[in-house]
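Just so you know, the sequences run in chain order A and B.
First residue of the first sequence: 1, per the working numbering; consecutive thereafter.
First residue of the second sequence: 1001, per the working numbering; consecutive thereafter.
Source of the hints: derived by calculation from the structure; they are not laboratory data.
Idealized CB from N, CA, C, for every residue including glycine.
Heads up, a few of these hints could be off.
As the list claims (entries may be wrong) - Listed next, the in silico DSSO-like pairs over lysine-lysine satisfying Cα-Cα at most 27 Å (straight line):
no.: 1; chain 1: B; residue 1: K1013; chain 2: B; residue 2: K1311
no.: 2; chain 1: A; residue 1: K203; chain 2: B; residue 2: K1005
no.: 3; chain 1: A; residue 1: K201; chain 2: B; residue 2: K1005
no.: 4; chain 1: B; residue 1: K1011; chain 2: A; residue 2: K65
no.: 5; chain 1: B; residue 1: K1011; chain 2: A; residue 2: K146
no.: 6; chain 1: A; residue 1: K187; chain 2: A; residue 2: K93
no.: 7; chain 1: B; residue 1: K1146; chain 2: A; residue 2: K5
no.: 8; chain 1: B; residue 1: K1011; chain 2: A; residue 2: K93
As the list claims (entries may be wrong) - Per label pair, the in silico range of CB-to-CB distance:
no.: 9; chain 1: A; residue 1: D49; chain 2: B; residue 2: D1049; range: 24 to 34 Å
no.: 10; chain 1: B; residue 1: E1121; chain 2: A; residue 2: E387; range: 38 to 48 Å
no.: 11; chain 1: B; residue 1: A1028; chain 2: A; residue 2: E61; range: 38 to 48 Å
no.: 12; chain 1: B; residue 1: E1121; chain 2: A; residue 2: R17; range: 25 to 35 Å
no.: 13; chain 1: A; residue 1: R17; chain 2: B; residue 2: S1087; range: 41 to 51 Å
no.: 14; chain 1: B; residue 1: V1056; chain 2: A; residue 2: E204; range: 30 to 40 Å
no.: 15; chain 1: A; residue 1: A307; chain 2: B; residue 2: S1087; range: 10 to 20 Å
no.: 16; chain 1: A; residue 1: K11; chain 2: B; residue 2: Q1004; range: 31 to 41 Å
What the hints assert, rightly or not - Example chain A residues on the side facing chain B (calculated, C-beta under 7 Å, incomplete):
no.: 17; residue: L9
no.: 18; residue: A106
no.: 19; residue: Y326
Number of protein chains: 2
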Amino acid sequence: MICQKMLELGKNKSQMRELFEYGLAQAAVVGKENVFDFSIGNPSVPPPDAVGDAFVEVLNEPPLKTHGYTPAVGCDEARDAVAKHLSKLLGRKFSRRNIYITCGAAAAVMASLKGLCIDHETEFIVFAPYFPEYRCYVESAGAILKVVPADTDDFQINFDALEKAISPHTQGVIVNTPNNPTGAVYKKDVLMRLGDLLRAKSKEYGHTIYIISDEPYRELVYDNIEVAFVPDYYEDTIVCYSYSKTLSLPGDRIGYMCVPDTMHDFDEVCWATAGAARAMGYVCAPAIMQKVIARCADVPANLAVYAHNRKLLYEGLTNMGYDCVYPDGAFYLFVRAPWGTAKEFCACAKKLNVLIVPGDDFGCPTHFRTSYCVNPDTIERALPLFEQLIANAPDGSDKV
Amino acid sequence: MICQKMLELGKNKSQMRELFEYGLAQAAVVGKENVFDFSIGNPSVPPPDAVGDAFVEVLNEPPLKTHGYTPAVGCDEARDAVAKHLSKLLGRKFSRRNIYITCGAAAAVMASLKGLCIDHETEFIVFAPYFPEYRCYVESAGAILKVVPADTDDFQINFDALEKAISPHTQGVIVNTPNNPTGAVYKKDVLMRLGDLLRAKSKEYGHTIYIISDEPYRELVYDNIEVAFVPDYYEDTIVCYSYSKTLSLPGDRIGYMCVPDTMHDFDEVCWATAGAARAMGYVCAPAIMQKVIARCADVPANLAVYAHNRKLLYEGLTNMGYDCVYPDGAFYLFVRAPWGTAKEFCACAKKLNVLIVPGDDFGCPTHFRTSYCVNPDTIERALPLFEQLIANAPDGSDKV
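Next up, chain A with everything else stripped away, as it sits in the complex (with noise of 0.2 Å):
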């Protein structure tokens, strides 16, 4: 006798973890040159040289202080440091009171949830494609997944479905732009339209409808467009952000909630949000990362390498006559596939020792996605491979 469901959760490792642990395992067998992982979300570019100057002023500090408990929600310093980072990009006014330190996004989304979460009715939104560990937590948050269908034109908004997807019992909306995986960034109309009807659906429901705007990319684009701030579109967003990605320290776990002063129930909203991270367990997000990020909230992503590896997998790629949007932010393709299913397609890749992750999980299952944060060489090496494949579509398979 134990939990089923939770057993499901540890015995089935997500899609593109088992793809990851595959390649490891293969380039043991065929040579690690000879495995092209585009799997996972891993950075392949290291820290900035000031995380690593940060890392050793910090352990140069009084170790009870460097070591010791935080309060739950952050150390003053890193709470001050990311307001004032956000503050000055944003030219908004945020303080302390506005920011939880997190252990990382996944904590943040996951503390978002359970705090939103009110009974086994409570529904959260996702927009297809989507990161398949939502399904997870907004499970384990004791509520249920509805997922508006892609737009796979565009990778925004799919506004009819998502007007049909909300239902009295709607708690929140879950955003995530840049996108993983289709790189794509919401326009602001797009993002104006999504906070007007948020708004009129709180007004009919008398509820509000949140938003937990999901952005470990946010510093991850490119051509320098412009991300537009989730919170200036609607009020009662949450922003959950992780140092992950744009500071190269994804197994470090940091990151932080932002409640601003605009939600309507902002007591209530981080109370019921810092009462659910303590409910899990999460006595205070790792001190020595916290004072990391104290130094580092300023730090820019070193973006060379991806935005270099994005013009060569997309032209590869759409050059073979691949279909696939331009991505504006994250370091991942989403590309449809060829013939066949996602799937089987990512099968075939596979036997090539190319891991790319089918968008079944992601609720697209037209798609598959690669992630580009890998050695440019990498893909070089595998463009011909990928030629291969387009070209060899099994018998009985639909050409697109």
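Starting from the known structure of chain A, fit chain B onto it as the hints suggest.
Just chain B now, with coordinates in the frame of chain A:
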């Protein structure tokens, strides 16, 4: 509309946190040297030198490896180091497969509870006095907390009460030895009797009753007392460990779950606890801390100051007439309030800036907890205040 339960947890901090934060504020008013803060278990000795050396070594490794995602279960080097340490320490064979590296013991306990909780009737048993966050964790996992009253004579187990508390819905028993707040270490015959009882009850009800053994204080014991390893007495035990106290790294959040090979449903328990960690957004334990632990799993705790403090405070208080069981481990004294309720007594102490925690939230309102992980000077200067407190029962209070 928000989750009221989470709101309450976020709004009403634990008594200990509340007192600790009061102490910080009060220090600003009356001077740090005039606040005698015995409220929380924040280690007062710095981490051993080996920890500092390990940080330097780890930060000199390739940064993508140091800071990258690890498998959810932890990186091989940390799991291997822990397994090797436990094998040597306990004369049993452990390997990587028994170890899941976690974000501290709180995350390990939560993953265990959530992995084992079957439905809303599931019950977990704790022995008073118990760490108050257990209530929060058990209820957050969706289960019911049942409290076995304290045996205040020696703070071992009250078996008559335990037997009455076990029901067909009992999924687990949380054991915490060395104990917070009493410092008691369970004797071997007590654990043997506990094992026998749980084996009989598991058989009677046709399902395994698990022990969740929360052991952050395992190495914090005095006078060469031996701490029995709970799985030696009961095979279906999940061990939850933290380096917070022994290596003075409480803020950095690093520990592990150990599922021994003797566990009857080994695979299922591993999967379910892993699934629960995943479902709460614990992507992996902080990577840099995993690498530090890989180098420090064998490093002994520095007990000298705590041993000195234990004697100083225990003798000081008992010589004045306070009633207290001499603790074998941890860094707490659990003292009977000499008059009134512990709450009343602690409120009077607070007026003298002596911050001690009433036992109410520990399920034992006759006692208060003092943490002696403080500067010895703090104890010496506080003793006259304790003398003043015991002598001055307010009119109408019952003297014990």
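Structure-based check of all given hints:
1. Annotation: proposed proximity of K1013 (chain B) to K1311 (chain B) is violated, straight-line Cα distance about 31 Å (limit 27 Å).
2. Restraint check for K203 (chain A) and K1005 (chain B): satisfied, since their Cα atoms lie roughly 25 Å apart, inside the 27 Å limit.
3. Restraint check for K201 (chain A) and K1005 (chain B): satisfied, since their Cα atoms lie roughly 25 Å apart, inside the 27 Å limit.
4. Straight-line distance between C-alpha atoms of K1011 (chain B) and K65 (chain A) comes to about 26 Å, which keeps the hinted pair within the 27 Å bound.
5. For the hint linking K1011 (chain B) to K146 (chain A), the alpha-carbon distance of about 30 Å lies beyond 27 Å, and the restraint is violated.
6. Note on K187 (chain A) and K93 (chain A): the hinted pairing holds, with a Cα-Cα distance of about 23 Å set against a maximum of 27 Å.
7. Annotation: proposed proximity of K1146 (chain B) to K5 (chain A) holds, straight-line Cα distance about 24 Å (limit 27 Å).
8. Taken as a hint, the K1011 (chain B) and K93 (chain A) pair is honoured in the structure, with Cα atoms around 24 Å apart against an allowance of 27 Å.
9. Between D49 (chain A) and D1049 (chain B) the beta carbon distance is about 27 Å. The supplied range of 24 to 34 Å therefore holds.
10. As the Cβ distance of E1121 (chain B) to E387 (chain A) is approximately 59 Å, the hint placing it in 38 to 48 Å is violated.
11. Between A1028 (chain B) and E61 (chain A) the C-beta distance comes to about 21 Å, which lies outside the given range of 38 to 48 Å.
12. Restraint check, E1121 (chain B) to R17 (chain A): a C-beta distance of roughly 33 Å satisfies the suggested window 25 to 35 Å.
13. Against the hinted window of 41 to 51 Å, the Cβ-Cβ separation of R17 (chain A) and S1087 (chain B) comes to about 28 Å, which falls outside the hint.
14. Between V1056 (chain B) and E204 (chain A), the C-beta spacing of about 59 Å breaks the proposed range 30 to 40 Å.
15. Between A307 (chain A) and S1087 (chain B) the CB atoms are about 49 Å apart, so this pair departs from the stated range of 10 to 20 Å.
16. Distance hint check: the CB atoms of K11 (chain A) and Q1004 (chain B) are about 34 Å apart, consistent with the given range 31 to 41 Å.
17. For the restraint placing L9 (chain A) at the interface with chain B, the shortest Cβ-Cβ distance is roughly 3 Å, inside the 7 Å limit, so the hint holds.
18. At about 4 Å, the closest approach between the beta carbon of A106 (chain A) and any beta carbon in chain B falls short of 7 Å, and the interface hint on this residue holds.
19. Restraint check, Y326 (chain A) versus chain B: the minimum CB separation of about 27 Å is more than 7 Å; hint violated.
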